[in-house]
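Participant: Sequence:
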Amino acid sequence: MVDAGYLPEDDQELLPLLFLTRQFERYDREDPNGTRLRAVLAEKPYQYEHKHFRTVAKRARRPDPWPPKQPSPPGDRTPTRHATTWPSSFGGHF
-3 MVDAGYLPED DQELLPLLFL TRQFERYDRE DPNGTRLRAV LAEKPYQYEH
47 KHFRTVAKRA RRPDPWPPKQ PSPPGDRTPT RHATTWPSSF GGHF
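The opening residue of the sequence shown carries number -3 in my numbering; numbering runs sequentially from there.
Think of the hints as simulated: they come from the structure by calculation, not from any bench.
We put the CB at the ideal spot given by N, CA and C, even for glycine.
Check the hints yourself; a few may be wrong.
What the hints assert, rightly or not - Calculated cross-link-like contacts (lysine-lysine; reagent style BS3-like; alpha-carbon spacing at most 27 Å):
1. Lys40 - Lys65
2. Lys54 - Lys65
3. Lys47 - Lys65
4. Lys40 - Lys54
To be verified - Simulated restraints, written as ranges between beta carbons of each label pair:
5. Leu16 - Gln66: 17 to 27 Å
6. Glu5 - Pro70: 34 to 44 Å
7. Lys65 - Leu16: 17 to 27 Å
8. Pro70 - Glu9: 34 to 44 Å
9. Pro67 - Leu3: 31 to 41 Å
10. Pro67 - Glu5: 27 to 37 Å
11. Arg22 - Tyr44: 12 to 22 Å
12. Leu3 - Asn29: 14 to 24 Å
Work the whole structure out from these sequences, hints included.
Facilitator: In C-alpha coordinates:
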(Lines of atoms letter the chains of each structure in order from A and count residues from 1; the text may use other names and numbers.)
(Lines give C-alpha, C1' and ligand atoms only; values in the text may rest on other atoms or scores of the structure.)
Protein backbone atom coordinates (compact mmCIF):
# COMPACT_ATOMS: atom_id res chain seq x y z
CA MET A 1 0.00 0.00 0.00
CA VAL A 2 2.70 2.48 1.02
CA ASP A 3 5.09 1.53 -1.81
CA ALA A 4 2.31 1.95 -4.36
CA GLY A 5 1.54 5.41 -2.99
CA TYR A 6 -1.97 4.65 -1.75
CA LEU A 7 -2.39 6.93 1.21
CA PRO A 8 -5.51 8.24 2.95
CA GLU A 9 -6.39 11.84 2.20
CA ASP A 10 -7.71 12.62 5.68
CA ASP A 11 -5.21 14.00 8.26
CA GLN A 12 -6.86 11.79 10.87
CA GLU A 13 -5.47 8.78 8.99
CA LEU A 14 -2.59 10.19 6.92
CA LEU A 15 -0.30 11.77 9.49
CA PRO A 16 -0.14 8.79 11.88
CA LEU A 17 0.43 6.44 8.92
CA LEU A 18 3.25 8.59 7.51
CA PHE A 19 4.95 8.78 10.91
CA LEU A 20 4.58 5.10 11.79
CA THR A 21 5.80 3.96 8.36
CA ARG A 22 8.75 6.36 8.62
CA GLN A 23 7.88 8.34 5.53
CA PHE A 24 9.49 11.39 7.08
CA GLU A 25 10.04 13.41 3.89
CA ARG A 26 6.33 13.41 3.16
CA TYR A 27 5.42 13.72 6.84
CA ASP A 28 7.64 16.81 7.21
CA ARG A 29 6.01 18.42 4.17
CA GLU A 30 2.51 17.76 5.55
CA ASP A 31 3.22 18.69 9.18
CA PRO A 32 6.59 20.48 9.55
CA ASN A 33 6.29 21.25 13.27
CA GLY A 34 4.24 18.22 14.34
CA THR A 35 1.27 20.16 15.70
CA ARG A 36 -1.29 18.56 13.40
CA LEU A 37 -0.22 15.02 14.35
CA ARG A 38 -0.32 15.91 18.06
CA ALA A 39 -3.86 17.24 17.55
CA VAL A 40 -4.92 13.99 15.85
CA LEU A 41 -3.38 11.90 18.64
CA ALA A 42 -4.97 14.07 21.35
CA GLU A 43 -8.37 13.72 19.71
CA LYS A 44 -8.17 9.95 19.12
CA PRO A 45 -5.68 8.46 21.60
CA TYR A 46 -7.68 5.23 21.84
CA GLN A 47 -7.06 4.53 18.15
CA TYR A 48 -3.25 4.54 18.41
CA GLU A 49 -0.78 3.21 20.96
CA HIS A 50 1.82 5.55 22.38
CA LYS A 51 4.50 2.85 22.48
CA HIS A 52 4.53 2.50 18.66
CA PHE A 53 5.08 6.23 18.14
CA ARG A 54 7.72 6.33 20.88
CA THR A 55 9.60 3.40 19.28
CA VAL A 56 9.59 4.97 15.80
CA ALA A 57 10.64 8.35 17.18
CA LYS A 58 13.49 6.83 19.18
CA ARG A 59 14.80 4.80 16.22
CA ALA A 60 14.58 7.80 13.89
CA ARG A 61 16.07 10.15 16.52
CA ARG A 62 13.00 12.34 16.39
CA PRO A 63 10.98 13.84 19.24
CA ASP A 64 8.05 11.81 20.49
CA PRO A 65 4.99 13.26 18.73
CA TRP A 66 2.55 12.09 21.39
CA PRO A 67 0.85 15.02 23.14
CA PRO A 68 1.84 15.49 26.79
CA LYS A 69 -0.56 14.29 29.45
CA GLN A 70 -2.92 16.96 30.67
CA PRO A 71 -2.68 17.62 34.41
CA SER A 72 -5.79 16.99 36.46
CA PRO A 73 -7.79 20.13 37.13
CA PRO A 74 -7.23 21.56 40.63
CA GLY A 75 -10.83 20.84 41.67
CA ASP A 76 -10.70 17.22 40.52
CA ARG A 77 -12.45 15.06 43.10
CA THR A 78 -11.44 11.71 41.64
CA PRO A 79 -11.06 9.24 44.50
CA THR A 80 -7.50 8.23 45.24
CA ARG A 81 -6.80 4.63 46.21
CA HIS A 82 -4.68 4.23 49.29
CA ALA A 83 -2.69 1.22 50.40
CA THR A 84 -5.00 0.80 53.38
CA THR A 85 -8.18 0.74 51.31
CA TRP A 86 -9.74 -2.69 50.88
CA PRO A 87 -11.02 -3.50 47.40
CA SER A 88 -14.81 -3.56 47.31
CA SER A 89 -14.77 -6.97 45.61
CA PHE A 90 -12.81 -8.61 48.43
CA GLY A 91 -15.87 -10.40 49.81
CA GLY A 92 -16.31 -12.13 53.13
CA HIS A 93 -16.38 -10.67 56.63
CA PHE A 94 -13.80 -10.73 59.35
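Participant: Now look at each hint and say whether the structure bears it out.
Facilitator: Evaluation of the provided hints:
1. Lys40 - Lys65: Between Lys40 and Lys65 the Cα gap is close to 14 Å, so the pair holds against 27 Å.
2. Lys54 - Lys65: holds, 19 Å
3. Lys47 - Lys65: holds, 14 Å
4. Lys40 - Lys54: holds, 22 Å
5. Leu16 - Gln66: 17 to 27 Å: Holds - the Cβ-Cβ distance for Leu16 and Gln66, about 23 Å, lies within 17 to 27 Å.
6. Glu5 - Pro70: 34 to 44 Å: At 41 Å between Cβs, range holds.
7. Lys65 - Leu16: 17 to 27 Å: Given a distance of about 21 Å, which is inside 17 to 27 Å, the answer is holds.
8. Pro70 - Glu9: 34 to 44 Å: Hint holds: Cβ distance 36 Å, inside 34 to 44 Å.
9. Pro67 - Leu3: 31 to 41 Å: holds, 35 Å
10. Pro67 - Glu5: 27 to 37 Å: holds, 35 Å
11. Arg22 - Tyr44: 12 to 22 Å: At roughly 18 Å between Cβ atoms, Tyr44 and Arg22 fall inside 12 to 22 Å, so the hint holds.
12. Leu3 - Asn29: 14 to 24 Å: holds, 20 Å
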